[in-house]
Amino acid sequence: MSKLFSDKTKQVFLGPLGKNNPITVQVLGICSALAVTAKLEPAIVMGLSVTIILAFSNVIISLLRNTIPNRIRIIVQLVVVASLVTVVSEILKAFAYDVSVQLSVYIGLIITNCILMGRLEAFAMANKPWESFIDGLGNGIGYAWILVAVAFFRELLGSGKLFGLQIIPQAIYDAGYVNNGLMVMPPMALILVAVIIWVHRSVNKELQEK
Amino acid sequence: MRNKLRKYVDKLKPHFMKGGKLEKLHSVFDGFETFLFVPNTTSKNGTHIHDAIDSKRTMIMVVVALIPALLFGMFNVGYQHYLAIGEAAGFWDTFLFGALAVLPIVVVSYLVGLGIEFVVAQIKGHEIQEGFLVSGMLIPLIVPVDTPLWMIAVATAFSVIFAKEVFGGTGMNIFNVALVARAFLFFAYPTYMSGDTVWVRTGTTFGLGGGTPVDSYSGATVLGEVATSTTQNAQLTDIIGNPIGFWDGFLGLIPGSIGETSTLAILLGAALILFTGIASWKVMLSVFTGGALMALVFNNFGPDTAIAHFPWYNHLVYGGFAFGAVFMATDPVTAARTDKGKWIYGFLIGALAIIIRVLNPGYPEGMMLAILFMNIFAPLIDYYVVDANIKKRLKRATTQK
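Protein chains in written order, with numbering that gives the first Met the number 0: chain B, 0 to 209; chain F, 0 to 400.
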């Protein structure tokens, strides 16, 4: 066990959650973060899907890393990701049809998510399967928690709901409160991501550019 | 009086300097001192040409220029109210109703905006920036009178933080701060910023006025009427159905955002900021030219709708066109800075505003979006104007060889 959770592996897992977050620091995977965060439920499903696909494609590429010819490695990586995306997409259609309709093309577009190609190229091609798996999990969860945070505020302030349940009581609406329509539009997701980056950098001063 | 004030300020000063007991509030003190007296210090590095007035004095001049529009707006709010409920009221009753309706909006806008400025100045330890003096007055003038105060507060906070402070404060913003506040309101709370129920207050204000609107009442703005008109030549009416024309739009006793209705009051303000050299006449003139030309094009070759056949001179006096041209497009921070650039920038604002009005049925008014859109392009226009000049001079230099 000690080998499984060495300091290095811990770092591989925890880094992407905080100081090396794929969205707030590397600014990857922004498009889907803007598109699927109007409600909490699709955001969570999206985060989960990306985490699973990333973890397993990392493992597969890591296993194959010594046999992939260097010239066609991108194509091999794409094939692996594409097959996993298809599997996840079919599972969602079978067991969570409503959510898969809400996510529409964005599940398919995980193939083009920069985080995946980035991790496969930068990590899985050079590390062992176990570390690659942890790295995939870490980056996937790092991506997911930003999505969930953004979706939480967008759904709460934009529709007054969480998971489709009314959270803000009717009495407050009667007192003159109105849902913020801008919150359900994509521009607000960009601004919320920016706010998270802002807070993140104020806390981690070493991330600030001089 | 003036000397007494100066002495009093000087007496207080040591408390706020380094080592004084109120050191933490230095920026607040500094803000008030420079508000009252022109500071003796100027920038120490870089090459600067100093004008006799500093930016606090410049800003105040714009605020003074806004006062005709504000006072007229107050009167008009009352006038529309008593017109809607079919009651005759004297001048002072009318004005008092409007003033009481408008003042809370002004107070909220200034409290929130200046509050954020003060806090940011304290955190960052620099002087309080004066940019909000103008924005705080612009925001109340470009919203409907029935906008809830908390919405004004939210929108003001949003625009001061996200349109100004994150870009580095006054003078660094890409977008006009007041317009961002309005755009925020427009997209976040569309039912409170458009339609035909928000422009005229029919309820009471601090117990004054109030009543049921008369039967023929319709609270739509003129542009709203034209946008929904089914015939090609829309019949313009005021809120109780009397026909109106160009001069009513020019004088401004029509429903609309608080300060935008009277072109006459706006032109009074325009005269002041042009005379003092604060606003650029090039931008102002080219906005009106661009708007008039574009409207003429639509009048002659446009689609078969009422708004396309809305006469070009009416386009200039109805809606927020004049207000935007005089007070928003000329904002020196967000406008183009080169002379040629100003012509292009202004012309495109005018033309775009009319294009949005005519071709997009979702937006009866296009001035806000046109100005915000051109704010983005102002640096690009400047870049190409400067680039063209460099190329021209290079060419001259090489052919003369």
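Heads up, a few of these hints could be off.
To be verified - With a cut-off of at most 20 Å between alpha-carbon atoms, the simulated EDC-like pairs for lysine to aspartate or glutamate come out as follows: (1) B:K18 to B:D97; (2) F:K390 to B:E208; (3) F:K123 to B:E130; (4) F:K12 to F:E32; (5) F:K339 to F:D381; (6) B:K18 to B:D173.
In case anyone wonders, no lab produced these hints; they're calculated from the structure.
Here is what the structure says about each hint:
1. Only pairs whose Cα atoms come within 20 Å are accepted, and B:K18 paired with B:D97 is rejected, the gap being roughly 35 Å.
2. Of the supplied pair hints, the one linking F:K390 and B:E208 is violated, its CA atoms being roughly 35 Å apart against a limit of 20 Å.
3. Straight-line distance between C-alpha atoms of F:K123 and B:E130 comes to about 43 Å, which puts the hinted pair past the 20 Å bound.
4. Distance check on the hinted pair: F:K12 and F:E32 sit about 9 Å apart at the alpha-carbon level, within 20 Å; holds.
5. The suggested pairing of F:K339 with F:D381 holds, with an alpha-carbon distance near 8 Å, which does not exceed 20 Å.
6. Restraint check: the Cα-Cα separation between B:K18 and B:D173 comes to about 43 Å, which exceeds 20 Å; the hinted pair is violated.
Figure legend: structure checked against the earlier numbered hints; hints not met, in rising order: 1, 2, 3, 6.
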